[in-house]
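Assemble the whole structure, with the sequences as input and the hints as a guide.
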Amino acid sequence: MGRLLGIVIWGITIASVWMFVSGKWWFPASISEHGGRVDSQFMITIIVVGISFTAAQVGLGWVVWKFRDNADKQRATYSHGNNRLEVVWTVVTAVIFISLGIMGQRVWASLHLHNAPPGSLQVEVVAQQFSWNFHYAGKDKAFGRTDPNLIDDSALNYVGIDETDPNAKDDAVVSTLVIPANRPVELILRSKDVTHSFFVPQLRFKQDLVPGMNIRVHFTANRVGKYELACAELCGMNHYKMKSFMLVLPENEFSELVTMPQDKFQARTAELMAKYQLPTY
Amino acid sequence: MAATVTGTDQAVGVGIGGGPRPKNGNGFHRNGGGKGDGDAFRFSPARYRLGAWFAIGSILMLFVALTSAYIVRSASSNDWQPIAIPKVLWLSTVLILFSSVTIEISRRSLKQKSEAGYNRWLAVTTILGLGFLGSQLIAWRQLARQGIYVASNPYSSFFYLLTAAHGVHLLGGLCALTYLLARKGKYRNQLDGELRRIGAADGVSIYWHFMDVLWLGLFGLLMFWR
Amino acid sequence: MAEATHEEVHRHPAPTGFIRKYIFSIDHKVIGIQYILLALAAVLVGMIMSVLMRVNLSWPGTHIKILETLFPQGAPGGVMSPEFYLSLVTMHGTIMVFFVLTTAPQGGFGNYFLPIQIGADDMAFPYLNMLSFWVTFVGFIVILLAIFAEGNATVGGWFTALGASWAGGSGTVGPIGGWTGYAPLSALGKIAGPGQGAGVNLWIISVAIFCVGSLLGALNFITTLLNMRAPGMSLMRMPLTCWAWFTTAVLALLSFPVLLGGGILLMLDRMVGTSFFIPGGLYVSGSTVPLHTGGSPLLWQHLFWFFGHPEVYIAIVPGMGATSHILSTFARKPVFGYRAMVFAIFAIGMLGFFVWGHHMFMSGMSPYSAIAFSVLTLSIGVPSAIKTFNWIGTLWGARIRFTTPMLFAIGFVSLFVAGGITGLVLGQTSLDFFFHDTYFVTAHFHLVMGVASIFGMFAATYFWFPKMFGRMMNEGLGKVHFWITFVGVYAIFIPFHAMGLLGMPRRYARFDEYEFLKNSKGLVLFVTIAAIITVIAQLIFYFNFFVSIWKGAKAGDNPWEATTLEWGIPSPPPHDNFAGIVPVVHHGPYEFSVPGAPNDFIMQTDPEGISVHADSGGVSGNGGNGHRH
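In the order they appear, the protein sequences are chains A, B and C.
Following numbering that gives the first Met the number 0, the numbering of the first sequence begins with 0 at its first residue and continues without gaps.
Following numbering that gives the first Met the number 0, the numbering of the second sequence begins with 0 at its first residue and continues without gaps.
Following numbering that gives the first Met the number 0, the numbering of the third sequence begins with 0 at its first residue and continues without gaps.
Errors might be hidden in some of the hints.
[What the hints assert, rightly or not] Facing chain B, a subset of chain C residues (Cβ under 7 Å, in silico): (1) 125; (2) 211; (3) 214; (4) 215; (5) 222; (6) 226; (7) 256; (8) 259; (9) 271; (10) 285; (11) 289; (12) 295; (13) 298.
[What the hints assert, rightly or not] Straight-line alpha carbon distances no greater than 20 Å define the calculated SDA-like cross-link-like pairs of lysine to any residue that follow: (14) A/72 - C/596; (15) A/138 - A/98; (16) A/168 - A/141; (17) A/240 - C/511; (18) C/517 - A/277; (19) C/189 - C/270; (20) C/517 - A/119; (21) C/517 - A/276; (22) A/138 - A/112.
Read the hints as simulated data drawn from the structure, not as lab findings.
Note that the structure is predicted; figures quoted are calculated from it, not measured.
Every residue, glycine too, gets a C-beta built ideally from N, C-alpha and C.
Okay, structure coming up:
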């Protein structure tokens, strides 16, 4: 029984490690400037995790194999422990874990502890059950005033734009997120009803959109293309299909688009959506 | 092989009922060190005292949660509108402070074997406690007459909630006091019964004092953190 | 000089009559079994729900006849709607975490064995003990009611009549907010969608009732352990099971009230229009919400997770204690590093109060506090690692007897490592960017809390069954149960990590909307098949458990040759555990294979026994000037 258990534990260990290293199931390729750093931190971590996991399971499998009771009537080794060993492995573990912990803050800090660089493109993201709205400031780079009391889904005023505000004249509200490649983008995230979460896997971040809060996050995308946007916080019955897309455009296509009025903006976006393909998975 | 209890049981001082006081004091450090002593299964008042302290710990965490919600909420938006504290709450405070004094007198009377004193001051404490609850209801009525209800604004929400939560726990304390007054338990022997009475009185007193301190804390919060 | 009479030590006479003996009993042993039976019922409900969830994910659109009959609105034609699926997710989590993981390990085995293992004749407050079980039972009834309040039109109609926030009969089988019930979705009521009416109210009430039941129990455990230990049972001679139950009780005592507070605030938001969690300016389902203003959804998360994180330790710590205990017993070796184990279990408990923010990295809370929570979270891995090393150390140089409880205890170690190690990934803010709310998280907590804890419970059941019922469970069936379950749970949950790597979000009713999920199909199917096989295998356990109660081979007092106090009394124990005789403890709890001793185990109460020099780990001197009898 001990041998069988040892073999099964080792077998499970091998299968689990294979699942990770085979590469069959892995992140979609990163398209953000900080994404590479997230991926390296993950590699360092998963190697530590893999080694610890394998060592512990192999160790467990080995002791149950080697120290199974047999008919030789010998007793087990009488020992209450070994203080030196305790101290050594506690210190080693603490050093490794806490170092990982500290290293794991770097990318976080670069995204969250610094403001968006000046000149970032700003987009207001307004989530609702079960769709996304992206509000662009237009040529004047000033967002028109919005007021929740002005929201009227049936009249297509999804984010409550105050039409009397001159700044609102050139604003556009669309259902696809369109951003330029290689330029910092700042998203200002909010929600109309319940908590949602913005998640594009290739961007390597997610951020909750919380009613009553305006949350800012900034990033730079560095690969042109079309990517899926998913909601990552349970928001109701259609949470699983609260879907949209993010289009990352070359600078020329983007600057042409972003100054267009609402209907032209939408039409042009539809064309570009057809032009660009999703990554192959 | 289980140990049979025999033998030498040195009386260290004399307990309430006249029997030997358990060697290991209040039971917290019950680790007899190998000498069998027949007191192991004997009740010690520490049991009820400990129970009261841990109950307090738990109830305190409830109020810590509500208090931190209060503090967070007061800062989270600009609709926080403190209301004038109804003056009758000062009466509440006086009543509950006095009730702490009276329950302490009652408890000590029991320790000094004065049955009459114990019962009399227990009854006074109960009446003061009822008075406290009554004054709380008066405060609520006054607020309602001004049109201030639970949902009127966040401060009023917490006002009702905190006083109600405290009141409910105080009501529990009143039930305990009533139980003590009515208690005429049959016990297997005099010593056990005496110890249980002391334990119960101690436990309820500790709880009651906590209700007092808690009230002072909540009152202070509502008065000064606006 | 008074001799203690036997009369004095009986606190309450044995009960007579079926009701006092088995239903409303104040005997901690009966109450312990009642909790175990409650958990066995609850886990059956939870497992059925999980199988339904798996079927929906692998074969969406499947007609399930029984659903059509029972819940025609939520599963029209027997096909689950997305909201029906989400209510299964919610109820599965709630029932499993509360009514399985927080009942059996602590209220079940803890209630039964804590008093005996410390040499007491019952819990400190027997009537309170009975009350805490029945309160918990009522909580269970209420959560089951939520299934029908939403799922059944008639029952739903009764609730709808109660008021606006009580709208029932929406077709789901309960609320759909996940076991975490985030506001404002859970606070807004039916305008936020189906399942947000009566289901949520009943969920809050059930959880609140459960909080009270747990608090009463925790109070009892702590007082009993501190006040009622037998002579010679110093704290450092207690079995590690007792330390585990003690730590768990402290965690419960301090964390459940916070959940209760949050639940009260949520109920007020729903029923009387307060705005603790609901901000102003909301526009929900086509209309504005003028009634609320100024509340903070994050406040709910803080309150919930301040409870929620200690809760996961409440779920796992008793299993750790049982594992240490059972490993030592069947390895015929003392626990490696007893003191370190006590320190580690305490450190895990304490640190567990300071890491709740790691559930909220992406919530919009302060990024600075996120950093603090992250570093603290990674340090909680250190005491967990110490425990793992010590478990393996206990087995090193052992003479292992592979009984069924031992297999499950070893399985616990393996699963705890597998699940716990991914905490190193999820605890880092920079990595949680990707993994938050994906299946990687689901993999982590199922392995480390769900499955490891269940293995702890299985180990405890097979180990203590002979003591509780005076009969042995069938070893052959036990081993079959172990092998299928051990391989099965790995087959179910390891692939979840791969799904997380793909970016698969949690709580999705279907995966066919997104291209980036298309490579998950094979994994999803594999998991479903593994899950169905594993769940069916649990029937072996149920069969073994119930049939052995009446038909199992008769067990002696100490079939496992173990050392702690429960193995020195008859199986099953008499009403007052020690038949009026006060046990005296002379040794530590894990004196196995002591050189020179006649047997390879020395019972704690054995006054003979070789004088052992205190080694670095344990203090196990004999009882000083012990009596000779």
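Violating hint indices (sorted, rising): Checked against the structure, the hints that fail are numbers 1, 2, 4, 10, 11, 15, 20, 22, while the rest are satisfied.
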